Amino acid sequence: MKKVNKLRMRESIVSYCFLAPALVFFLLFVLVPMIMGAVTSFFNYTMTDFSFVGIDNYIKMFGDKVFQKSLINTIIIVIGSVPIVVGFSLFVASQTYERSAFTRSFFRWVFFLPVVTGTVAVTVVWKWIYDPLSGIMNYILKTGHVIDQNIMWLGDKRYALMAIIIILLTTAVGQPIILYIASMGNIDKSLVEAAEVDGANKFQVFWKIKWPSLLPTTLYIVVITTINSFQCFSLIQLLTSGGPNYSTTTIMYYLYEQAFKQSNYGYANTMGVFLALLIGLISFAQFKLLGNDVEY
Amino acid sequence: MKKKITPFSIFSITSLGILTVIFVFPFYWIMTGAFKSQGDAIKIPPQWWPEAPTLENFEKLLIQNPAGQWLLNSILIAGLTTLAVCLTSSLAGYVLAKKRFYGQKMLFSIFIMAMALPKQVIIVPLVRMISFLNMHDSMMAVILPLIGWPFGVFLMKQFSENVPKELLESAKIDGCNELRTFSNIVLPIVKPGVASLAIFTFINTWNDYFMQLVMLSSRDNLTISLGVATLQAELSTNYGLIMAGAALAAVPIVTVFLVFQKSFTQGITMGAVKG
Chain X
357 MKKVNKLRMR
367 ESIVSYCFLA
377 PALVFFLLFV
387 LVPMIMGAVT
397 SFFNYTMTDF
407 SFVGIDNYIK
417 MFGDKVFQKS
427 LINTIIIVIG
437 SVPIVVGFSL
447 FVASQTYERS
457 AFTRSFFRWV
467 FFLPVVTGTV
477 AVTVVWKWIY
487 DPLSGIMNYI
497 LKTGHVIDQN
507 IMWLGDKRYA
517 LMAIIIILLT
527 TAVGQPIILY
537 IASMGNIDKS
547 LVEAAEVDGA
557 NKFQVFWKIK
567 WPSLLPTTLY
577 IVVITTINSF
587 QCFSLIQLLT
597 SGGPNYSTTT
607 IMYYLYEQAF
617 KQSNYGYANT
627 MGVFLALLIG
637 LISFAQFKLL
647 GNDVEY
Chain U
67 MKKKITPFSI
77 FSITSLGILT
87 VIFVFPFYWI
97 MTGAFKSQGD
107 AIKIPPQWWP
117 EAPTLENFEK
127 LLIQNPAGQW
137 LLNSILIAGL
147 TTLAVCLTSS
157 LAGYVLAKKR
167 FYGQKMLFSI
177 FIMAMALPKQ
187 VIIVPLVRMI
197 SFLNMHDSMM
207 AVILPLIGWP
217 FGVFLMKQFS
227 ENVPKELLES
237 AKIDGCNELR
247 TFSNIVLPIV
257 KPGVASLAIF
267 TFINTWNDYF
277 MQLVMLSSRD
287 NLTISLGVAT
297 LQAELSTNYG
307 LIMAGAALAA
317 VPIVTVFLVF
327 QKSFTQGITM
337 GAVKG
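Chains as they are written, first to last, in the working numbering: chain X, 357 to 652; chain U, 67 to 341.
If you are wondering where the hints come from, they were derived from the structure by calculation, not from laboratory data. Note that the structure is predicted; figures quoted are calculated from it, not measured. Glycine included, every Cβ here is placed at the ideal spot set by N, Cα and C. The reader is advised that the hints may include incorrect statements.
Stated by the list, open to error - Now the in silico label distances, taken between C-beta atoms and shown as ranges:
#	chain 1	residue 1	chain 2	residue 2	range
1	X	T404	U	K238	28 to 36 angstroms
2	X	N361	U	K238	35 to 43 angstroms
3	U	S284	X	F640	40 to 48 angstroms
Claimed, not checked - If you want the footprint, here are the derived chain U segments under chain X, 3+ residues with CB under 8 angstroms:
#	region
4	134-144
5	228-238
6	252-262
7	290-299
Said to hold, decoys possible - Only part of the chain U face toward chain X is listed, based on derived beta-carbon distances under 8 angstroms:
#	residue
8	I110
9	W114
10	A118
11	V187
12	L192
13	R194
14	V320
Build the full structure now, drawing on both the sequences and the hints.
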């Protein structure tokens, strides 16, 4: 017994030596900031002041009209993007996974291209697409007689959020498509063949056999897309700065503005905690729904 | 096996074709726009191909603006981050997968939980932390926090599970010390994992606009993405020049992606924490 403990002790020391480099960075730049963020959310923390205020920031947050607006915008982005991302990537993956390896990797490349190109570079093009005077969107719609007057896509509060969601979609489907293609490759072929021999049509094969085995992947995609939509920031910072009239302000953008434009660090951290709890809740629900085994 | 032509297969091929055009268009537009003059870039109807190709945009970028420096900064930041992440993660991932030690379960749970949280939500305390360490507006301000992110550790743990226990035991019997065992036995087996992680980290760091935006400020310290974003804010209508900047930001990283696509795809599927 004693010998086992001694061995384990030795192995523990070795293990922590191997872990040390990763742990130092993790503690310093992930864990400590997390704790700091949570603690300072109870403080009035600005450039000049640092005083404990209890839950005042939280009360202020829920009563803050801009925060409410940004929460609603964020939820609209989630609701507008998640179902489309899932349906879209399911469609593309199901149409490509049985093709040759070359075709598969071609489509992976196509749908990942906007992600790899980078938010800034892609946004530059979209800014031109939406440009009221020299942009292609108004040109196409006018040539097709859908509209007869130029629309300011990013400057009109009726369209701005929708315009942002469209860009977000083109950068959000790359990873789900890759995951679905991998997952469809793992479906038991003999089951599919057996069903086809028994006279099941394509639709039945999909619903009864393929869909159940795609469920874990689908749930994972729903969770990551939801989390990514919650964090929607760069597009907004680059294109609209949250305007016009807060119609594109998301929680993440409002947090950024409060912290880095107004220096309200405490208040910004309150929103950070709120967002973290929300995201934690979603991830937790995913764990609960799927049990504890890690796949792949 | 020949496939039958059905209305659905026609629909499928047409829609894939249209989607391909839509998804490739931004990249195409950057690449062609980069060679258009200021006037040609905003012509309506659009000029689908640069009719009078010019290099003036690149000249302006590299001479009037420090775009060369920005590119170099991007390469250094992404390269150093990748190097450090691969090193720390492969060491940590290996012991998490193959050793039994005190506090292992708890540590792994903390890693997983931290991974679920996007780093954006702790960006404010992170920036304060970096200022406190007197590193604001330096390359290290972007690099160090990215090294701490536990995704790499998780990915390398997944890959390290494949190392056969017998190999490790026989190495021990042969008198191999721990570091040698790692470098001579474990590393060759997890090499594909390191490749995935490297490519994944490089691309993500290159495109991590948010982190660069909050950490870097003086003009010479910007990355290429941040530099282009700044130019766009300053001269929003000179699309030719901005497209040329976007081309400088996108071409290196798209090339890297093309060359290493296989490793990258593997990283994405292995890194999925399902359940």
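Cross-check of the supplied hints:
1. The given range of 28 to 36 angstroms is broken by T404 (chain X) and K238 (chain U), whose C-beta atoms sit roughly 60 angstroms from each other.
2. Between N361 (chain X) and K238 (chain U) the beta carbon distance is about 19 angstroms. The supplied range of 35 to 43 angstroms is therefore violated.
3. The hinted window of 40 to 48 angstroms between S284 (chain U) and F640 (chain X) holds, with their beta carbons roughly 42 angstroms apart.
4. With 0 residues having a Cβ less than 8 angstroms from any Cβ of chain X, the region 134-144 of chain U misses the three-residue criterion, and the hint is violated.
5. Interface restraint, the region 228-238 of chain U with chain X: violated (0 residues with C-beta to C-beta distance below 8 angstroms; minimum three).
6. Look at the region 252-262 of chain U against chain X: 0 of its residues bring a Cβ nearer than 8 angstroms to a Cβ of that chain, fewer than three, so the hint is violated.
7. For the region 290-299 of chain U, the assignment as covered by chain X holds, since 5 residues bring a beta-carbon within under 8 angstroms of that chain's beta-carbons and 3 suffice.
8. This hint holds: I110 (chain U) has a C-beta 5 angstroms from the nearest C-beta of chain X, less than the 8 angstroms allowed.
9. Look at W114 (chain U): its Cβ only gets to about 10 angstroms from chain X, farther than 8 angstroms, so that hint breaks.
10. Interface restraint check for A118 (chain U): the shortest CB-CB distance to chain X comes to about 17 angstroms, outside 8 angstroms, so the restraint is violated.
11. The beta carbon of V187 (chain U) comes within 4 angstroms of a beta carbon in chain X, closer than 8 angstroms, and the hint placing it at the interface holds.
12. For L192 (chain U), the suggested interface contact is upheld, since its CB lies about 5 angstroms from the closest CB of chain X, less than 8 angstroms.
13. The beta carbon of R194 (chain U) comes within 7 angstroms of a beta carbon in chain X, closer than 8 angstroms, and the hint placing it at the interface holds.
14. At about 6 angstroms, the closest approach between the beta carbon of V320 (chain U) and any beta carbon in chain X falls short of 8 angstroms, and the interface hint on this residue holds.
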